[in-house]
Amino acid sequence: MAEAATTAPRRWTQRTLAPWLFLAPGLIMFTIYVLWPIVESVTLSFYDWNGLYDRDGAFTGTFVGMGNYAELMGDPAFTTSLWNNLKWLVLYMLALPIGLFIAIFLNQTVTGIRLYKSLFFFPFVISQVVVGLIFAWFYAPNFGLLYLLTEAITGKGTAILADPDLVTYGIIAAGLWPQIAYVMILYLTGLNNVAPDQIEAARLDGAKGWRMLWYVVLPQLRPATFIAVIVTVIGALRSFDLVSIMTSGGPFGSSRVLSYYMYEMALGEFGFRMGYGAAIAVVLFAIMMIFISGFIWKMWRDEKER
Amino acid sequence: MFPRPIQKSSTAAQWVYSIALPVALLLWLFPLLGVALTSLRPASDLAQGNYFGMPSGIAWENYKFIFTETPIGQYMLNSMWVTIPTVIGAVSLSLMTGFALAVYGFRANILVFFMFVAGNFVPFQILMVPVRDMTLQLGMYDTWYGLALFHIAFQTGFCTLFMRNFIKALPYELIEAARVEGVSEWRIFWYIVLPLMRPAIAALSVLVFTFIWNDFFWATVLTQGVDSQPITAGLSSLNGQWIAQWHLVSAGSILAALPPVAMFFLMQKHFIAGLTLGAVK
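Sequence order for the protein chains is A and B. Sequential numbering from 1 applies to the first sequence in our numbering. Sequential numbering from 1 applies to the second sequence in our numbering.
Excised from the complex, chain A in its bound form (with noise of 0.2 Å):
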C-alpha cells in the first residue's frame, strides 16, 4: 500500500508525458516536411517569387494579393488542365466496376489461382515511370501495337501521343491499369471475408448472378469500396509521373493536369514562377481537400462508434 501511494503520482506523470516524447520525433519531421511547407505554400501563393534569395539571404518576392488567382482565371492552359483533372477524376472510377469484375473472375479455388492473382497484381507494383514507357511503346506511331490494330481496322493508324483530342485518354488508360490491379486486390480481400451463411441463405432464396451481386455481395463489400473510392481518387489528382513521362503536358500542352502544370510553372522551362506555381497547388489541393475531409469525416464517426 505504503508503495502504491509513492509511486502513484510518479506513474501518473510519466503516464501524461510518454505519449509526447513517443510522438516527439515523428511529429516534428511530419511538422518541418508536410505541415508547415503547406502553410508556406498558401502565403507564397500571395507572392510574384522567382526563388531566388538576394545577397543577404533576404526572400526576394513581392507581394501580389489575389494577383496570381486572378491571372489564373484566364490562363487557357490552367483551364485545360483542370478540365483534364476532371477528366482523370471520372474516368479513373472505371477501375472501380473493372476492378471488381477481375476479383469475382479471380475469386476460385482452381490449382494456381494464387500465382495468377499475383500475376494480375503486376503493374500496381511497377513504377509508374516503367507503365509510362511500356504504353508510349505500345501507342508508338508506325510501329506500336494499337497503331497498328487501328491501322488494321480503320486503315488509317493512330498515335494517340500525338493528338491533342486523344493523348488524356491514351494516358489515363496508362493509369487504369495499375489503378485496376489496385482495386482488385481490395475487392479479393473483402470478397474472402464476405459471410458465407448469408450467401447461401440468398442462395437458397433464389438469389444469383447480378441480383446476388447487387443485394447480398456489394453492401457487404462496402468497407472496400470504400477504401478503393479514396485511392482511386487519390491516385488521379496525384497523376504527374504519366504525363511527364509519357507526354511532358503536350502536343500543345493539351495532357496538362494541374499537378504537372504546377511543376512546369514553378521549375520547368518556362522560369521559376514560384508564386504562380504555388497558387497552382492550392487550387489542387482544395480540390484534394474536399475528399480529404470527407474520409476523415467517416474515419471519426468510426472511431466514435467503437
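Bear in mind the hints are in silico, worked out from the structure with no lab data behind them. Fair warning: there could be bad hints in the mix.
Said to hold, decoys possible - Subject to a maximum C-alpha distance of 30 Å in a straight line, what follows is the list of computed DSBU-like cross-link-like pairs (lysine-lysine):
no. : chain 1 : residue 1 : chain 2 : residue 2
1   : A       : LYS208    : A       : LYS117
2   : A       : LYS117    : B       : LYS8
3   : A       : LYS304    : B       : LYS168
4   : B       : LYS269    : A       : LYS298
5   : A       : LYS156    : A       : LYS87
6   : B       : LYS269    : A       : LYS117
7   : B       : LYS168    : A       : LYS298
8   : B       : LYS8      : B       : LYS269
Stated by the list, open to error - Heads up, incomplete: computed chain A residues facing chain B, CB under 10 Å, no partners named:
no. : residue
9   : LYS117
10  : SER118
11  : PHE124
Here the structure is a predicted model, which means the values were calculated and not measured. Ideal Cβ positions, reconstructed from N, Cα and C, are used throughout, including at glycine.
Using the hints, position chain B against chain A.
Relative to the frame of chain A, chain B by itself:
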C-alpha cells in the same frame, strides 16, 4: 463464397474457365510482355522493322550495354541509398507515434491522428516549393539524405495510420497488466508491444520500399545529377537520350521494375496485408 465455386458448375464451364484464365492473364500483361521481349531483341531487328516477328537472336548485350555505357548501375545504387534509410526511418518513427496514439487517451489524440492521416493525402505540389527551398538552404539538395529525410517525414503519415490501428487491435489487457506490475512505459513499448509488431513491420517495410523505389516526383524535384538521382529519374533522363532506341528503353524499364517486383514476390503475404488494411472490417 461468391461467385459460386467453378467446381460446382458443368464440366464445360470448368473447361472454359481453365482456358479463359491464362488467356485473360496474357492479355492483361501483354504490354509488359512486349517490353520484356523487346528488351532482348537485337538492335538490328528493330532497325529492319522486325518489331514483333521472330527475333534473330537473344540480345543479352542490350543489358550489358546499359550497364557498361550508361550510369544505370549508379542510379540503382542511388535508389537503394534513398530507399533503405527511408524504410528504416519511417517504420521506426511510426512505431513510436502509432504506439502513442493507440495506447494513451490524451486529449489531442484524435486531432494528432487525423493530422497524420490528412497530411498523407495532400498533393505533393503543395509541398514542393517550400520543401525544395528548405532542402537547398540546408545544403541537402541533390543528396540521397535530402531526399530520404523528406520521404521519412512524409511516409510517417501513412505508417502511423497503419501502426496505430495495428496496436489498437492488440489486447489492451497486456499493457494494463504490465502497468499494474509497475513496468515503465518505455519498457512496455520495447518488451511487450514491439515483439508483437513483427507482421506490421514486415508489411510496412515492403510497402514503403515499393513506394519509395517507384517515386519519381520527389526524385526530380530534389535531385538532378548522376551521383544522386534514383533510377526512376535516371531512367527518364536516359529515355530522353535514347530517342526511339526501344531495345534500350525496354531493358532499362525491366531493370528498374525488378527490385520492387522481387520484393513483392518474396513478401507477398505482407505486401497485400499492408495494402488492404481497412478493406475488411
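Okay, the hints, checked on the actual structure:
| no. | hint | result |
| --- | --- | --- |
| 1 | A/LYS208 x A/LYS117 | holds, 24 Å |
| 2 | A/LYS117 x B/LYS8 | holds, 21 Å |
| 3 | A/LYS304 x B/LYS168 | holds, 14 Å |
| 4 | B/LYS269 x A/LYS298 | holds, 28 Å |
| 5 | A/LYS156 x A/LYS87 | holds, 26 Å |
| 6 | B/LYS269 x A/LYS117 | holds, 12 Å |
| 7 | B/LYS168 x A/LYS298 | holds, 18 Å |
| 8 | B/LYS8 x B/LYS269 | holds, 28 Å |
| 9 | LYS117 | holds, 9 Å |
| 10 | SER118 | holds, 6 Å |
| 11 | PHE124 | holds, 8 Å |
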